[in-house]
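Sequences and hints are given; from them, build the entire structure.
Line order of the protein sequences matches chains A and B. The letter at position 19 of the first sequence is residue 19 when you use our numbering, and the numbering goes up by one with no holes. So the number in our numbering is just where the residue sits in the second sequence, counting from 1, plus 66.
It is worth saying that the hints were derived from the structure and are not from the lab. The reader is advised that the hints may include incorrect statements.
To be verified - EDC-like cross-link-like pairs, simulated, lysine to aspartate or glutamate; straight-line CA separation at most 20 Å:
(1) B:Lys711 - B:Asp653
(2) B:Lys103 - B:Asp135
(3) B:Lys711 - B:Asp683
(4) B:Lys395 - A:Glu48
(5) A:Lys38 - B:Glu315
Stated by the list, open to error - Across the chosen pairs, the derived CB separations fall in these ranges:
(6) A:Gly11 - B:Phe338: 54 to 60 Å
(7) B:Leu245 - A:Thr22: 48 to 54 Å
(8) A:Ala2 - B:Met67: 41 to 47 Å
(9) B:Tyr560 - A:Thr22: 36 to 42 Å
Here the structure is a predicted model, which is why all the values come from computation and not from measurement. Ideal Cβ positions, reconstructed from N, Cα and C, are used throughout, including at glycine.
Here are the chains, one letter per residue:
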Amino acid sequence: MAGAVQVLSGGPCEIYTELVETDAADAHARDATAFLQKLGYRLVQVTEHRAPGTFPRVFDGLFVRS
Amino acid sequence: MRILFVMRHSGYVRNFESTLRMLCDRGHRVHVAFQNKARHTLLDPVDTPRLLAGQYSNFSYGDIPARTDGWGLLGRELRLGLDYLRYLTPAYEDAPKLRERATRAVSPALLARVDRGFAKSPFGRRLLGAWLRALERSIPRAPEIDAFMAKRRPDVLAVTPLIEPGSPQSEFVRSARALGVRTAFCVASWDNLTNKGLIHGPIDLVTVWNEPMKREAIGLHGIRADRVVVTGAAAFDHWFDWQPSSSRETFCARVGLPSDRPYFLYLCSSKFVAPEEVPFVRRWIHAMRQAPSATFRDAGILIRPHPQNADQWRQADLGGLDPVAVWPKAGAVPVDQNSRSDYFDSMFHCAGVVGVNTTAQIETAILGRPVFTVLAPEFRETQEGTLHFRHLQQVNGGLLHVARDFQEHLAQLGEALGATRESDDRCRRFVEAFVRPYGMDVPATPRLVEALEALGREPAVRPPRDPIWAPIARRRLAGRISALEREARTVAEYRATRLALREAKRRAKDADRRARAADRAREEAEHRARREVSDETKRLRTLPALVAGFSRLGDVDRRSFLRATFDSFPASSYIELHGATKPRKLDYDGADIFMRVMTDAEEFRLRACGKEPFTVDWIHQRVCAGDVLYDIGANVGAYSLVAAKKPGGAARVFAFEPSYTTVATLCANIVLNDAASLVTPVPVALSDTTGMTVLGLRDLEPGAARHSLGTHSSEDGPIRYDQPVMTFRLDDLIDMCRLPSANHIKLDVDGGELAVLEGASRALSSPALRSVLVEVATPLSGPVTRVLEGHGLRLESKVALTTKTGEQAVWYGLFVRDAAGDAAVR
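Now the structure itself:
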């Protein structure tokens with residue numbers, strides 16, 4: 001996503017992305033969410049692949065920008 | 067100061083974590099002793115005592131011996147009797163469920179006395195109570211607990227919850243006081259003084275949250291007013307500092323609720339309060355969905371199961387009531403960072419909270435969210451039939467919006483949402499009185515710590531003497547002691563036998579289940595295989611039937627069909643199948659180069675060196691070790707691999723090939739020859755523009771040629787498939803991907819040569835480029851020669867291949883840069 005800032009900032013867009021947290025300390029998903037939020041996206045839907053609280057946590061996030 | 071804190075189990079640590087930390091921070095030596103040896107994994111999932119021990123050198127924890135002798139059993143029996151009598155007083159007139167719970171624990175003999183004997187009247191019960199207390203005081207202390215206290219020698223003994231039925235912790239208090247140790251009962255929760263047992267025997271300090279609880283300690287437990295200290299609720303101190311960890315949108319998305327509308331949070335209650343809560347919640351949501359206001363009809367509903375009563379939610383059917391989320395479905399005790407954040411956020415972002423009777427309603431009040439309840443008939447005994455529920459109704463104007471039915475409830479919801487300020491005030495008033503009685507900004511933990519420190523500074527307790535009737539009473543009680551010990555042995559044996567039987571049954575059942583599952587799986591596999599083979603082999607009678615049947619099948623059935631078909635072949639067919647794809651050798655003498663061959667076209671490529679010996683000669687003579695070769699139109703990579711494997715040193719090759727079927731074989735051949743570090747496949751088309759176009763494939767077989775870029779027709783035959791491709795000007799691609807400059811180019815693109823050269827002006831003008839070998843249709847030889855000569859390349863040699871009829875079909879030209887330039891570059 002860091003290589004696609006122009007595309008992501010270019011216009012209304014939806015991003016459906018799978019994110020993974022290897023453990024509670026893994027900031028990857030939070031960083032990705034924060035990155036997109038900086039570009040004006042809102043996380044509107046989360047689909048967990050596994051039971052909440054289990055790691056690695058894998059989920060699909062739908063980010064939208066109007 | 068040495069502080070010994072006895073807790074029933076490790077789950078109580080979460081109520082006093084801030085207190086323990088502050089005591090340690092102030093330099094006191096703190097030892098926590100648990101009655102239950104096993105850690106409470108549900109209420110203490112993160113093993114907080116271990117964490118504290120890791121952080122504080124002056125903190126330790128362990129077990130405390132339990133009293134198991136006959137005197138201990140008798141003491142428990144007597145205290146259970148006293149606890150039971152409490153529920154017969156007027157204060158518990160409307161608390162049948164609490165009384166019924168106490169009845170279950172009391173001895174049948176006592177129960178008979180109360181039901182039919184002299185204790186049937188209030189006066190008789192008072193006499194009976196005095197008698198039980200006198201007997202309880204005559205019980206000797208437990209030697210093992212005395213020894214434990216003597217060894218620890220604390221300045222202060224704190225206990226919690228003390229009031230559990232039969233109060234085994236009374237034994238610890240007695241032993242401590244006998245050593246002169248000051249004792250404190252730190253009340254853990256808001257229902258402890260009304261819902262459980264009594265405080266038995268003297269105690270030096272009782273710490274409570276607030277004035278109403280102080281009145282309970284005095285009025286219901288007979289504690290002297292100067293011995294009760296109001297501290298506030300230390301267990302909730304952290305709630306005042308927290309902030310949400312996520313935005314409302316993020317949180318809603320996480321739990322699966324729409325974020326464009328408010329949601330209401332339903333907080334479930336404990337098993338005692340609401341053993342079957344799902345039907346009530348279903349009725350409540352149904353009422354919401356029938357409401358006249360769209361706010362309630364469409365509102366999100368978040369249900370948070372109680373962690374100790376969550377099983378009922380696993381299979382709960384809430385179909386047709388969406389948007390509803392049950393989260394977390396298994397319940398969660400908010401003790402670590404993540405679970406606390408989840409818990410907090412669920413309350414923070416909600417429009418209001420609904421529940422039967424639970425501590426979480428107090429936590430919600432701290433956040434200022436309105437709290438509602440409906441007086442349901444099925445929960446009458448655990449709402450209005452409990453004393454602590456009245457705190458939520460009455461303290462400082464009351465926290466709860468209490469409704470008699472759903473209609474009134476919906477009206478209250480509507481009013482509260484429209485009057486946020488009133489709700490805020492109601493919550494604030496309640497919290498000021500019940501949670502932070504010294505002011506919203508005054509935390510409770512320091513007050514509790516100071517109370518314990520003050521107790522530690524008091525003079526040692528004068529050890530109480532045994533009552534004068536104790537020796538006589540003990541002799542009279544000897545028979546009962548023996549009976550209780552016999553009973554206990556019988557119960558223990560029965561329990562051990564039952565446990566052993568249960569364990570044996572469980573093991574047998576597990577073994578049986580595993581065996582059945584294995585049998586079933588085997589039978590199913592055999593049956594499936596038989597059925598698949600027999601069904602499909604029937605269709606294999608004729609080839610036309612096979613083809614027709616196959617075309618009618620869906621994807622999944624096709625795979626099953628093929629598997630069944632192959633399963634019906636003899637095993638040797640697999641060998642033949644593998645033999646067909648076994649790599650074969652390229653006709654190159656300089657090294658062993660293997661190629662994947664599955665099609666006629668790929669087989670044709672095996673003879674690439676014999677077909678174009680001048681190309682191999684060019685590679686041998688011109689392409690030096692380390693040179694960069696662009697193989698444009700690489701097909702399955704025969705010449706790329708010759709350049710990479712030739713004797714005398716490998717070249718670095720970029721193999722350009724756009725046909726996706728051929729690219730797959732090109733990549734396979736790179737793998738087969740371990741040439742990944744030397745040959746890079748570039749699966750794009752080259753042309754005079756950078757953009758998207760189509761590659762008209764004349765043949766879908768890997769290794770096929772004479773495709774056509776950007777057009778839908780081909781002089782070599784009809785186009786079978788238009789493959790979308792990315793096309794690049796070579797100069798653009800070099801810039802974008804920072805490709806190393808080519809020293810040599812082989813160009814064989816079946817008609818697109820001029821377009822490729824048009825897009826490669828800089829590459830062709832580069833002094834690094836020393837030779838270009840071009841294959842073109844003979845009519846294009848002139849224009850191609852002119853373009854290359856325009857970039858300073860000289861036609862050194864040419865080969866013209868003719869057709870069987872003698873017509874010139876293909877022309878190969880080798881262009882080189884003159885020796886001076888060549889030398890200069892090298």
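Status of the hints after comparison with the structure:
no.	hint	verdict
1	B:Lys711 - B:Asp653	holds (13 Å)
2	B:Lys103 - B:Asp135	holds (18 Å)
3	B:Lys711 - B:Asp683	holds (14 Å)
4	B:Lys395 - A:Glu48	holds (13 Å)
5	A:Lys38 - B:Glu315	holds (15 Å)
6	A:Gly11 - B:Phe338: 54 to 60 Å	holds (57 Å)
7	B:Leu245 - A:Thr22: 48 to 54 Å	holds (52 Å)
8	A:Ala2 - B:Met67: 41 to 47 Å	violated (56 Å)
9	B:Tyr560 - A:Thr22: 36 to 42 Å	violated (49 Å)
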